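These protein sequences, in sequence, are chains A and B.
Whatever position you read off the first sequence (first residue = 1), add 19 for this note's numbering.
Whatever position you read off the second sequence (first residue = 1), add 19 for this note's numbering.
These are computed hints drawn from the structure, not numbers from a lab.
Each hint should be verified, as a subset may be incorrect.
Given that identical chains are not distinguished, each listed pair holds provided it fits within a single copy or across any two copies.
[Claimed, not checked] Straight-line alpha carbon distances no greater than 30 Å define the calculated BS3-like cross-link-like pairs of lysine-lysine that follow: (1) Lys244 x Lys99; (2) Lys368 x Lys260; (3) Lys399 x Lys137; (4) Lys114 x Lys244; (5) Lys326 x Lys399; (6) Lys353 x Lys99; (7) Lys260 x Lys113; (8) Lys354 x Lys114; (9) Lys393 x Lys114; (10) Lys114 x Lys399; (11) Lys260 x Lys387; (12) Lys399 x Lys368; (13) Lys393 x Lys99; (14) Lys114 x Lys353; (15) Lys387 x Lys354; (16) Lys260 x Lys354.
None of the values given here were measured: they were computed from a predicted structure.
Listed below, chain by chain, are the residues.
2 protein chains.
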Amino acid sequence: MAATFVIAQGGGPTAVINQTMVGATIEIQRCHPGARVLGARHGVRGIRDGDYVDLSAMPEDQLRRIGATPSAALGSTRDKPDLAYCDQILAGLKKAGADSFIYIGGNDTAATQQILAKAAGGSIAFVHAPKTIDNDLVENDHTPGFISAAEFVAGAFLSVDLDFRALPGVYVGIVMGRHAGFLTAATAAWRQDDESGPHLLYVPERAFSVPRFIDDVRATLSRHKRCVVAVSEGVSTEDGKPLIESLVAPDRLERDAHGNLKLSGGDLGIAFEQALRDGLPGVRARVDTLGYLPRGYIGAINDTDSKEAFDAGAFAVDAAARGGGSVALQYDGKKTVMQLVPLSAVAGKTRHMPDDFLLPDANLLSGKGTAYLKRLVPAKFEIGRPFV
Amino acid sequence: MAATFVIAQGGGPTAVINQTMVGATIEIQRCHPGARVLGARHGVRGIRDGDYVDLSAMPEDQLRRIGATPSAALGSTRDKPDLAYCDQILAGLKKAGADSFIYIGGNDTAATQQILAKAAGGSIAFVHAPKTIDNDLVENDHTPGFISAAEFVAGAFLSVDLDFRALPGVYVGIVMGRHAGFLTAATAAWRQDDESGPHLLYVPERAFSVPRFIDDVRATLSRHKRCVVAVSEGVSTEDGKPLIESLVAPDRLERDAHGNLKLSGGDLGIAFEQALRDGLPGVRARVDTLGYLPRGYIGAINDTDSKEAFDAGAFAVDAAARGGGSVALQYDGKKTVMQLVPLSAVAGKTRHMPDDFLLPDANLLSGKGTAYLKRLVPAKFEIGRPFV
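Next comes chain A alone, as it looks inside the complex:
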């Protein structure tokens, strides 16, 4: 009997997560003629409910078009299955006759695969294909989805800095990133020189203090007449608690099914506006929440990111033949290479941005951080030097 592959997408969508799904599907069509490819709608929920789209015979041009489309074409889910739910998923996979299950997502997704693999006892190959704009998977140099998101925020902050040159003031842009500061650091990837913004980066890896923030902004204003700031939504105070917990009334805090605080609604922005009003009265200040745009903006899909995401999907098919595991994007000093690592090496773990990506005594990229980002997100636009 022909093999059956199930593919699903989990967690927050990215600009290139469909490339991974399409890369896997085309690889199966090529290497496993006659195999069934079932795309589960809305992640493991589709497996539980038997809700599939049959990708087995889908023409390549149609698949390629889906691949070039941002967000998760199969739908996604935030469900974090408990043991009973995992039993339902396993029952669903068996009912579908699955030999392999490729689940595209972040470290929560890897954790789900690990639990399922243990419960299935070897009868099905479980593969985790990496995806996250947070770039926070261990074992990976970087993750599919990150480069496109980084390109968006690099362009956004280059643009906003030009805006604030023209009309000076303070700008704070709140960027996605719960535990890892990579995306916030990427706002500085296209910084032109010492004078240009972003001038201050605040990441979850370093404790945030409102008084120090106000001092930093004041010093930047006196030097540059403007101050452009990038803040991770997940910045935390000295006690390790998310900043939003100390700034926002408890009855307004919301949590998702994973128990994660909702971080990036407007509340954090309002809290920053208030802090600036109190600390720097009379100074023009603007706080924006970049929100979902970085993860799926159709105008900032990076070619390298697309290709790597596609290749990760193709590699996941080979990984299934090797019994499963997690696909990792590593760097050999010259290029990105795919490796298969155990699910346990990635599942539920968070890769933090190395502390030496920032200067020890300033909220700015270090040479090491700059080199990393310039390798992944090379400059795409040449700009003229403004006269102010």
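Place chain B on chain A using the hints.
Same frame as chain A, but now just chain B:
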């Protein structure tokens, strides 16, 4: 003695306002050899203070690079000169030996030029070159800056709609636009079909009611399982007051030098979040403020917009030779044509979006609105149809 041209940029920057400055400068270098071209820093403030950059002999390649750079390279200003300030500007222009003053901006800028022209009594030619992402200048089919901003928001809402297909819920994006709904309408320019978002458009031209908004969202959710909404920051209630005045505590309302309410800070977003929590409890909802990105995002500079902005600058030089006035971009049924109109025809007036750009009984583009936007902002990306 050789002629002297002063050029300045006013109001909110756009992605292509530098093209107009560069178009004027190159035209002067070409048609008026030996003429001086002085760029005033930060609008009329630079004229008052004698703060200029000499563009007379700047090499064309350097100018072209500035032209391709978003935001106002000369700096901008929100100053709205009173009569005493106008006297200082006139004195500054005379001191600089100016024969012509080309001021690039919106209807406030045209109003400044009108006052100055009257006070100068014909000794200097005053030209207003159009610029605004709001697209709200009378006498114009559309304005330089609008198409790029429209392209950004069209791409942003196409992308966010795909995101909310994958993870259903309610999305509200707050878009710049104080009095005119063109930019908010442009969020729907790349809508794929009746099923796709944005599903609801709220513009300043139509009275906003919170209960009706909640009803609209509920109806959309039951039809599409998600609801993507674009709201102008300037939406007003039945009594003509900005919505923000009825939703936000009076002590938090801020005004600029023009007496304009600060509309697009986080407060309006928070108010929408609260309205959704109250009206549709338990429904996943996300409110983002797009903020400054649409007006200057380097990744969404439209070629037509760039060319028209450049041409408007070149045309402004000819307009100066004809005694001054306002440059208008009109449409002859086949193409955009430049016309010179009196400053009084444009100064201080607001062009509203025609009511028939929206359907009479729904918050959606009409055929007429769709045709207008598709002409200006043709689709740039082909996407695949998601499976959910």
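Hints versus structure:
1. Taking the closest pair of Cα atoms, Lys244 and Lys99 come within 30 Å of each other only across two copies (21 Å); inside a single copy the shortest separation is 47 Å, beyond that limit.
2. Within a single copy, Lys368 and Lys260 get their C-alpha atoms as close as 19 Å, which meets the 30 Å cut-off; across copies the closest is 51 Å, which misses it.
3. Proximity of Lys399 and Lys137 under a CA criterion of 30 Å is satisfied in neither setting, with 45 Å inside one chain copy and 46 Å between copies.
4. With identical chains, the CA atoms of Lys114 and Lys244 are at most 30 Å apart between copies only, with a shortest distance of 28 Å across copies and 65 Å within one.
5. Proximity of Lys326 and Lys399 under a CA criterion of 30 Å is satisfied in both settings, with 18 Å inside one chain copy and 21 Å between copies.
6. In the homo-oligomer, the alpha carbons of Lys353 and Lys99 never lie at most 30 Å apart, since the shortest distance is 37 Å inside one protomer and 56 Å across protomers.
7. With identical chains, the CA atoms of Lys260 and Lys113 are never at most 30 Å apart, being 42 Å at best within one copy and 61 Å at best between copies.
8. Proximity of Lys354 to Lys114 under the C-alpha cut-off of 30 Å is found in neither arrangement, the shortest distances being 41 Å within a copy and 61 Å between copies.
9. Taking identical chains as interchangeable, the C-alpha atoms of Lys393 and Lys114 are never at most 30 Å apart, the minima being 47 Å within one chain and 48 Å between chains.
10. Proximity of Lys114 and Lys399 under a CA criterion of 30 Å is satisfied in neither setting, with 49 Å inside one chain copy and 43 Å between copies.
11. For the identical chains of this complex, Lys260 and Lys387 are intra-copy neighbours only, at 28 Å inside a copy versus 52 Å across copies, given an alpha-carbon limit of 30 Å.
12. Taking CA atoms no more than 30 Å apart as the test, Lys399 paired with Lys368 passes in neither setting, with 33 Å inside one copy and 39 Å between copies.
13. Taking the shortest Cα distances, Lys393 and Lys99 never come within 30 Å of each other, neither inside one copy (35 Å) nor across copies (42 Å).
14. In this assembly of identical chains, the alpha carbons of Lys114 and Lys353 never lie at most 30 Å apart, being 45 Å within a copy and 60 Å across copies at closest.
15. Taking identical chains as interchangeable, the C-alpha atoms of Lys387 and Lys354 lie at most 30 Å apart only when both belong to the same chain, with a minimum of 17 Å there against 51 Å between chains.
16. In this assembly of identical chains, Lys260 and Lys354 lie within 30 Å of each other by CA distance neither inside one copy nor across copies; the values are 38 Å within and 58 Å between.
In summary, the numbered hints that this structure violates are 3, 6, 7, 8, 9, 10, 12, 13, 14 and 16.
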